[in-house]
Amino acid sequence: MAMRRKGVSPTVTLVTAVIIALLVGVAIGYFIKPSAPTQPTTTQGGVKTVTITVWAIGPDPPSEYRYKNFLIAADKLNKILAAAGANVRVKVQGQFFVRPVEWEEYRKKFYLAFKAGEGPDIYLTGHEDIGYLASNGYIIPLDDYIKEYWDTTFYDVIPTLWDACKFQGKIWAVPQDTEVRPMYFRKDKLRELGWTEQQIEELPIKVKNGEFTLWDLLQVAKQAVDKGIVKRGIIHRVKEGYDYFQFYLAFGGKLWDPTKNKMVANKEAWHKTFDWFYQAVHKYHVISPNQFSGDWDKDFHGPATKGEALFISGGSWHKGEWVKKGLLTEQQFWQVMGFMLHPAGEKGGKPVTLSHPLVYTITTLAKKRGKADLAAALIALVTDPHLNANHAVQSSHLAILYSEISDSRYAKDKFLQDVAYMLDYTHFIPGHPKWALYSHDVYTVLRAVESGELNADQATTQLIQMLQKDLGDAIEIQP
Amino acid sequence: MAEEKGRSAGKNHRKLLTRGYLYFFLLPSLAMIVFFFFIPAILTFLISLTDMSYTLEWHWVGLANYIKMIQDPWTPLIFRNTMFYVFTTLTFFNVGTALLISLLTVHIEERVGSAFRAIWLLPRITPSTVYALMWLWATRGDRDALLNWILMFFGVPPVEWRLKLPWLLVILVNGFVGASFGMIIFTAALKSIPIDFTRAALVDGANTLQLIRYVELPLIKWPLMFVTAYQTLSLLTSFEYILLVTDGGPGLYTTEVWALYSYHMAFQIYGGGSAQYGYGAALSAVLVAIGLVLSVIYWRVFKMGEMMVEPKIEVD
Numbered sequence: 092m093a094m095r096r097k098g099v100s101p102t103v104t105l106v107t108a109v110i111i112a113l114l115v116g117v118a119i120g121y122f123i124k125p126s127a128p129t130q131p132t133t134t135q136g137g138v139k140t141v142t143i144t145v146w147a148i149g150p151d152p153p154s155e156y157r158y159k160n161f162l163i164a165a166d167k168l169n170k171i172l173a174a175a176g177a178n179v180r181v182k183v184q185g186q187f188f189v190r191p192v193e194w195e196e197y198r199k200k201f202y203l204a205f206k207a208g209e210g211p212d213i214y215l216t217g218h219e220d221i222g223y224l225a226s227n228g229y230i231i232p233l234d235d236y237i238k239e240y241w242d243t244t245f246y247d248v249i250p251t252l253w254d255a256c257k258f259q260g261k262i263w264a265v266p267q268d269t270e271v272r273p274m275y276f277r278k279d280k281l282r283e284l285g286w287t288e289q290q291i292e293e294l295p296i297k298v299k300n301g302e303f304t305l306w307d308l309l310q311v312a313k314q315a316v317d318k319g320i321v322k323r324g325i326i327h328r329v330k331e332g333y334d335y336f337q338f339y340l341a342f343g344g345k346l347w348d349p350t351k352n353k354m355v356a357n358k359e360a361w362h363k364t365f366d367w368f369y370q371a372v373h374k375y376h377v378i379s380p381n382q383f384s385g386d387w388d389k390d391f392h393g394p395a396t397k398g399e400a401l402f403i404s405g406g407s408w409h410k411g412e413w414v415k416k417g418l419l420t421e422q423q424f425w426q427v428m429g430f431m432l433h434p435a436g437e438k439g440g441k442p443v444t445l446s447h448p449l450v451y452t453i454t455t456l457a458k459k460r461g462k463a464d465l466a467a468a469l470i471a472l473v474t475d476p477h478l479n480a481n482h483a484v485q486s487s488h489l490a491i492l493y494s495e496i497s498d499s500r501y502a503k504d505k506f507l508q509d510v511a512y513m514l515d516y517t518h519f520i521p522g523h524p525k526w527a528l529y530s531h532d533v534y535t536v537l538r539a540v541e542s543g544e545l546n547a548d549q550a551t552t553q554l555i556q557m558l559q560k561d562l563g564d565a566i567e568i569q570p
Numbered sequence: 181m182a183e184e185k186g187r188s189a190g191k192n193h194r195k196l197l198t199r200g201y202l203y204f205f206l207l208p209s210l211a212m213i214v215f216f217f218f219i220p221a222i223l224t225f226l227i228s229l230t231d232m233s234y235t236l237e238w239h240w241v242g243l244a245n246y247i248k249m250i251q252d253p254w255t256p257l258i259f260r261n262t263m264f265y266v267f268t269t270l271t272f273f274n275v276g277t278a279l280l281i282s283l284l285t286v287h288i289e290e291r292v293g294s295a296f297r298a299i300w301l302l303p304r305i306t307p308s309t310v311y312a313l314m315w316l317w318a319t320r321g322d323r324d325a326l327l328n329w330i331l332m333f334f335g336v337p338p339v340e341w342r343l344k345l346p347w348l349l350v351i352l353v354n355g356f357v358g359a360s361f362g363m364i365i366f367t368a369a370l371k372s373i374p375i376d377f378t379r380a381a382l383v384d385g386a387n388t389l390q391l392i393r394y395v396e397l398p399l400i401k402w403p404l405m406f407v408t409a410y411q412t413l414s415l416l417t418s419f420e421y422i423l424l425v426t427d428g429g430p431g432l433y434t435t436e437v438w439a440l441y442s443y444h445m446a447f448q449i450y451g452g453g454s455a456q457y458g459y460g461a462a463l464s465a466v467l468v469a470i471g472l473v474l475s476v477i478y479w480r481v482f483k484m485g486e487m488m489v490e491p492k493i494e495v496d
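First to last, the protein sequences are chains A and B.
Okay, so the first sequence: first residue is 92 according to the numbering used here, each after it adds one.
Okay, so the second sequence: first residue is 181 according to the numbering used here, each after it adds one.
Fair warning: there could be bad hints in the mix.
A short, non-exhaustive set of chain A residues, derived as facing chain B with CB atoms under 10 Å [unchecked claim]:
#1 L113
#2 P380
#3 D386
#4 K438
#5 G439
#6 H531
#7 V540
#8 G543
These aren't lab readings, by the way, just hints derived from the structure by calculation.
Even for Gly, the Cβ is constructed at its ideal location relative to N, Cα and C.
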């Protein structure tokens, strides 16, 4: 018979090992905890170089001047410093993120880098993040800097954009760019459908006047699909995002109640929105039930630029992306593409678009590193009508400064001039720290509507339940 | 007497030395388990007791995340999805197909068998994103997508695979990768069966099916059990292909499994500041607990202790 070996039991050994490992881990963590890396301040030949780190994202490649403008601004500053005989130089170091890095990934990288003490001094983000960043100590208020550079730069910023930079009465960011989200339409396909040039030209005006609604859009899209003129009547973004809220707004929905500082979900408007999407997919068959699990190139850019889709719910930056990528030449774009507001949900309603201003923030890390003043100076230099106009023209974004509108390059850009009126119809998304949960719940439910799992009634009930669970008091549910 | 004492002391010293060597050699694997399982598991549990978000701050909330999980209306659906996914993929692919390929390929010419097995290894060695993209392209709803194009020759109209048959897609994508693991283990086990057993069975008049049923399958009992247990745990925690292919859709959490839900809650909400590391960790902690319980059940039901029993003859 096998004898049982005497000795320490495996359980005791294992428990001891775990405890030792934890102690070792804590000790290692305590002793070798890396200090927050400070970007090097080097001295060479008596000239001190201060490094400022900047993070920015496209994710569309043409928006690279969100970062590159800092390099240009630093170069300009260094020339002035050299001419003045100063013994300080500025070096901009950082990253510009493009696809496949999307917004979620970019934000995640920032939060983790920040926690590791390696985050940037200047961080570009969407204005809706300000509430969260400010209330959790990631960024510093900029009111003093805004005052300091007001007369030389910031007085010129289009005032409504400052509203998107405020949180609890303070200004936490400087606008970088803004955009509108047009509904593009293929003029060539409307011609094939029998529309006259005059009808095509008048479409954006009819939309603007609330005479052509989202339901009319479905009718036209259906005709084009039924006649085999296009494969897809309407396409929209293929991933989670904020564009879908335009349809809710077009049906009279509201997102924010400024008097109560609460987000708003209007049941009736959501019901109409879901009903429109359900019918678009399952009755009119003009939106693919698979649009949400699609691929950007195959299910959005491809159909839009190859004429396989009639209506494209996109963004002003897409024009820049299509031309820069060579999917359409400038000339082709004007031949085949038209653009208009997202139509009102019902006759007499208001058409809409959505703007999502991007903003530069200064991190608390910059303050700890003693670089906040320099970061602010750089942001003031970058908020330059010519530099920003170059970015706007390259990436099809809209001006943030009044003087930028008269910049020679910007003024010559017909597209930017033509979409400028849309800013009168624009909405901003709320800067509430829990906004992302609202957006995520809507995306989750809308995806189920398009897949056919939920009809409008079920989707509305479902969304309200989810919002109540996830947002509690942060949201007001209206009938 | 003194001589005997000396002999005994020497024996004890040798024993101590042997034990010392044993622990020394076990140390690397022990360290691996401690650092890569125990510590992360403990940390996960601790995080699950907080409302940690992107700020990575430890605000203790007790069992709030577990209560939220119980009250979460999606929990039952996601649990059912997970059970369905694990059971189906395991049965039909990770064990079923793996066994079928092994049995088929060891009973045909060696060169052909090896080539066939090598082909089955391709999904395993292809980077997961590339592999998932190939599936996505092949299963698009278009007429010219690979799968629909093939079906067209049989008069079948184009199918929106991701929309109409998302589970089939998820199971196939995972199964084609998963089968290769069991295939290697089973093939090795089948090849290690002494040829005498086969000859004896053949002399007794067994046909191939009888050979498999009465000789080979009983002799690969342990590898079969091991693969079943191992792959169950592996499937429970796997989600990358589901994330890439359906992202839990197409409908309302249609193909969302527990591990994917944990990932979504912790990391994947569009927009800033909505990471729910605490809730994600609570979901993961439950997964660890389920894994441990299943391990014990498998250990008992399959009597795996017998596989590792010490030799009956004591060598000292």
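Now the hints, each set against the structure:
1. L113: holds (7 Å)
2. P380: Hint holds; P380 (chain A) Cβ to chain B Cβ min 5 Å, cut 10 Å.
3. D386: holds (7 Å)
4. K438: At 32 Å from the nearest chain B Cβ, K438 (chain A) fails the 10 Å test, so the hint is violated.
5. G439: Interface hint status for G439 (chain A): violated (33 Å vs cutoff 10 Å).
6. H531: holds (5 Å)
7. V540: holds (9 Å)
8. G543: Check passed: Cβ of G543 (chain A) comes within 7 Å of chain B, closer than 10 Å.
Consistency with the previously given hints fails for numbers 4 and 5, ordered from lowest to highest.
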